[in-house]
Amino acid sequence: MTAEKAETTASDAIAGTTEGPAAPGPRALARRRRRASVARFWREFRRHRAGVFGLAALVLFVLVALTAPLTVGSDVESVTDAPGRPLESPSGQFPLGTDQFGRSLLGLLVWGSRVSLLVGLLAAALSVTIGALIGITAGHFRGWYATVMMRITDWFLVMPTLVLAIVLATVLSRSLGTIVLAIGVTTWPTTARLVRAQTLAVESRPYIERAKALGGGHWHIMSRHVLPNVMPLVLAQTTLIISSAILAEATLAFLGLGDPTVVSWGGLLQDAREAGSVSSGDWWYLMPPGVGIAAVALAFTLCGRAVEAVLNPRLGVSR
Amino acid sequence: MSEVASAPAGPAPAGGRAAGPSRGRRAYPRYVAGKLAGAVVSLFAVLVTSFFLFRMIPGDPVKFMTGGRPVSAEQIAVYRREFGLDLPLWRQFTEYCGKALTGDLGTSYQFRAPVVDRITEALPNTLLLTGTAFVLYTALGAFLGTRSAWRHGRLGDRLNTGLALTLYSVPSFWLGLLLIIVLSVGVDPIPGLFPTGGMESGGEEGFAYVVDVAHHLVLPVVTLVAVEYGQTLLVTRSALLDEMGGDYLTTARAKGLRDDLVRRRHAVPNALLPTVTLVFVNLGRTVAGVILVETVFSWPGLGGLFYQALSVPDLPLVQGLFFVFAAAVILMNTLADLLYPLFDPRVGR
Numbered sequence: 001m002t003a004e005k006a007e008t009t010a011s012d013a014i015a016g017t018t019e020g021p022a023a024p025g026p027r028a029l030a031r032r033r034r035r036a037s038v039a040r041f042w043r044e045f046r047r048h049r050a051g052v053f054g055l056a057a058l059v060l061f062v063l064v065a066l067t068a069p070l071t072v073g074s075d076v077e078s079v080t081d082a083p084g085r086p087l088e089s090p091s092g093q094f095p096l097g098t099d100q101f102g103r104s105l106l107g108l109l110v111w112g113s114r115v116s117l118l119v120g121l122l123a124a125a126l127s128v129t130i131g132a133l134i135g136i137t138a139g140h141f142r143g144w145y146a147t148v149m150m151r152i153t154d155w156f157l158v159m160p161t162l163v164l165a166i167v168l169a170t171v172l173s174r175s176l177g178t179i180v181l182a183i184g185v186t187t188w189p190t191t192a193r194l195v196r197a198q199t200l201a202v203e204s205r206p207y208i209e210r211a212k213a214l215g216g217g218h219w220h221i222m223s224r225h226v227l228p229n230v231m232p233l234v235l236a237q238t239t240l241i242i243s244s245a246i247l248a249e250a251t252l253a254f255l256g257l258g259d260p261t262v263v264s265w266g267g268l269l270q271d272a273r274e275a276g277s278v279s280s281g282d283w284w285y286l287m288p289p290g291v292g293i294a295a296v297a298l299a300f301t302l303c304g305r306a307v308e309a310v311l312n313p314r315l316g317v318s319r
Numbered sequence: 001m002s003e004v005a006s007a008p009a010g011p012a013p014a015g016g017r018a019a020g021p022s023r024g025r026r027a028y029p030r031y032v033a034g035k036l037a038g039a040v041v042s043l044f045a046v047l048v049t050s051f052f053l054f055r056m057i058p059g060d061p062v063k064f065m066t067g068g069r070p071v072s073a074e075q076i077a078v079y080r081r082e083f084g085l086d087l088p089l090w091r092q093f094t095e096y097c098g099k100a101l102t103g104d105l106g107t108s109y110q111f112r113a114p115v116v117d118r119i120t121e122a123l124p125n126t127l128l129l130t131g132t133a134f135v136l137y138t139a140l141g142a143f144l145g146t147r148s149a150w151r152h153g154r155l156g157d158r159l160n161t162g163l164a165l166t167l168y169s170v171p172s173f174w175l176g177l178l179l180i181i182v183l184s185v186g187v188d189p190i191p192g193l194f195p196t197g198g199m200e201s202g203g204e205e206g207f208a209y210v211v212d213v214a215h216h217l218v219l220p221v222v223t224l225v226a227v228e229y230g231q232t233l234l235v236t237r238s239a240l241l242d243e244m245g246g247d248y249l250t251t252a253r254a255k256g257l258r259d260d261l262v263r264r265r266h267a268v269p270n271a272l273l274p275t276v277t278l279v280f281v282n283l284g285r286t287v288a289g290v291i292l293v294e295t296v297f298s299w300p301g302l303g304g305l306f307y308q309a310l311s312v313p314d315l316p317l318v319q320g321l322f323f324v325f326a327a328a329v330i331l332m333n334t335l336a337d338l339l340y341p342l343f344d345p346r347v348g349r
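These protein sequences, in sequence, are chains A and B.
Note that the numbering used here gives residue 182 to position 182 of the first sequence, counting from 1, and the numbers run on in steps of one.
Note that the numbering used here gives residue 115 to position 115 of the second sequence, counting from 1, and the numbers run on in steps of one.
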């Protein structure tokens, strides 16, 4: 259905000048079609209950993260004037207890969601951008370029992703940027493969040949015809990659490879372990950050699966 | 994670690529040769990457070795010669490659022992843990995935898929820590049932030793199975769902076969094909899981060693383990590629 849309949009762009003044311009037409297809997508998406549930959870998490400066404020991170005594169990004053510096765990949890979400989103954006770029170009330019690119992709695909990310995070300096980079450059190959397959399918359609015959260059074809058609697929990939990126961020932080100066959920778990909460049985210290990581990762996965099921009903992921 | 959910959409990453027009039985040796050559190239690429990746590190490796203690210039020179750091980069590289070919991965800064020795010491422990977990989670995932797909849309399927997705989103190290707290340290009503870590209590011999190791094995294996079975379940389920509409199933039912036989003899064998490949392809995730689970449970395997090496950082050891992990995944993928045509006559022959 998206291919059809692009086809008519392309022909409108060409025929637009010859139409009468009463007819809507090609841009207005394209916009209306786009709105209609978004509405259709939303109608389909709403039928997947798990996906809607995931989306609702995500909206909630994002709101919590965005309003954190108002609700808890940045001084929740401060070690020097912590409000409570170290390692207090949950109480009325501190609903989730306190950490080894006496900081409120609830505040840290809310504050940490910012880093976890930010790193997840940025890493996924980086990963999907690399994947889409390589996928589209490798599908568009055949020949040696595609061969080399797909060889590289295959090689990255068999590498144990997290091990490579760990090694990158060890070799580079300790910062959030490093974590984003390490996750981003190790997770793109799946996207590249999927996008390339879709690009090949799109480029075999007759309207691409017509666009070429009318003088459309490489850039025109890739940006105007291929990109709109692979976008939905890229969207689904993004949601799925965000959830693994959030897990990867937590893992790297837990292994002590994160930025020690920022509070993140993985970092909180590492703090908890170092404070000896395992041997003293302080489950309440470990519980909240892990639940947060799992809940956000699950919400993104549910969303991604629903988007995928809408785009490709034959997939059978959530039938 | 994305690999599982989206895999059926794209071409199968490893096995499917090889699917060509059938050229008779003689094509199989050529197919094998091609796959083996590909594996060798990949292994070499890993070797090159691991060499240059670790030369990117800022700072002097000798500083890591001495751990900030004041050292005289002569001592530094001795260290440099000992670890071959005084040679130009290209000489270091050729020596590294030559040594790697003869099975020498360098000397650990931390243990002052050959990296290969440390790895061969830890390897059996990791194989025990990973092998047990691999068999269990594959069997559990395939069993539940089959049942889920056969009764898809029902309550059982929804609960099954929901639980699998939830456990799939849980960080393995966190689950491991919680299990330690609840079942080893003990929360009030529950006494500590399992050891908190390690592989043996020491002192036992013979059968008692086996029981002791099995006792230590329970929690790490449970953790790994819990976070990993979901991917097998989802892949099996969607592979079987793709087969469910097939005409041959209608035929089988029309013959009067029992529902159970239709599933076991007709649908499942066909659905197993993509599952087998994906289970192997996703082994990379298991490697990551092993690192974390071994770290959390102080299991004396490769993963725990990797964590120890990271915290120093003991570069030759990290480098050697990186090579071993990558090589393991490449070998497993190649194995899957080689086995795939035997399962599916449409591939590679």
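Careful: at least some of the hints might be erroneous.
What the hints assert, rightly or not - Selected chain A positions facing chain B (in silico; Cβ < 7 Å):
#1 I152
#2 F156
#3 L247
#4 F254
Claimed, not checked - Computed Cβ-Cβ distance ranges for the label pairs, DEER-style:
#5 T102(B) <-> Q100(A): 41 to 51 Å
#6 W90(B) <-> A125(A): 31 to 41 Å
#7 V48(B) <-> H218(A): 45 to 55 Å
#8 A33(B) <-> A125(A): 38 to 48 Å
#9 K99(B) <-> S175(A): 47 to 57 Å
#10 S223(A) <-> K255(B): 26 to 36 Å
#11 G245(B) <-> A213(A): 33 to 43 Å
#12 R142(A) <-> L331(B): 30 to 40 Å
#13 V185(A) <-> E95(B): 22 to 32 Å
#14 A254(B) <-> H220(A): 51 to 61 Å
#15 A213(A) <-> E95(B): 33 to 43 Å
Keep in mind that the hints were calculated from the coordinates and are not lab data.
All C-beta atoms, glycine included, are put in the ideal place defined by N, C-alpha and C.
Evaluation of the provided hints:
no.	hint	result
1	I152	violated, 9 Å
2	F156	violated, 10 Å
3	L247	holds, 6 Å
4	F254	holds, 6 Å
5	T102(B) <-> Q100(A): 41 to 51 Å	holds, 49 Å
6	W90(B) <-> A125(A): 31 to 41 Å	holds, 38 Å
7	V48(B) <-> H218(A): 45 to 55 Å	violated, 32 Å
8	A33(B) <-> A125(A): 38 to 48 Å	holds, 41 Å
9	K99(B) <-> S175(A): 47 to 57 Å	violated, 34 Å
10	S223(A) <-> K255(B): 26 to 36 Å	violated, 55 Å
11	G245(B) <-> A213(A): 33 to 43 Å	holds, 40 Å
12	R142(A) <-> L331(B): 30 to 40 Å	holds, 31 Å
13	V185(A) <-> E95(B): 22 to 32 Å	holds, 28 Å
14	A254(B) <-> H220(A): 51 to 61 Å	holds, 54 Å
15	A213(A) <-> E95(B): 33 to 43 Å	violated, 58 Å
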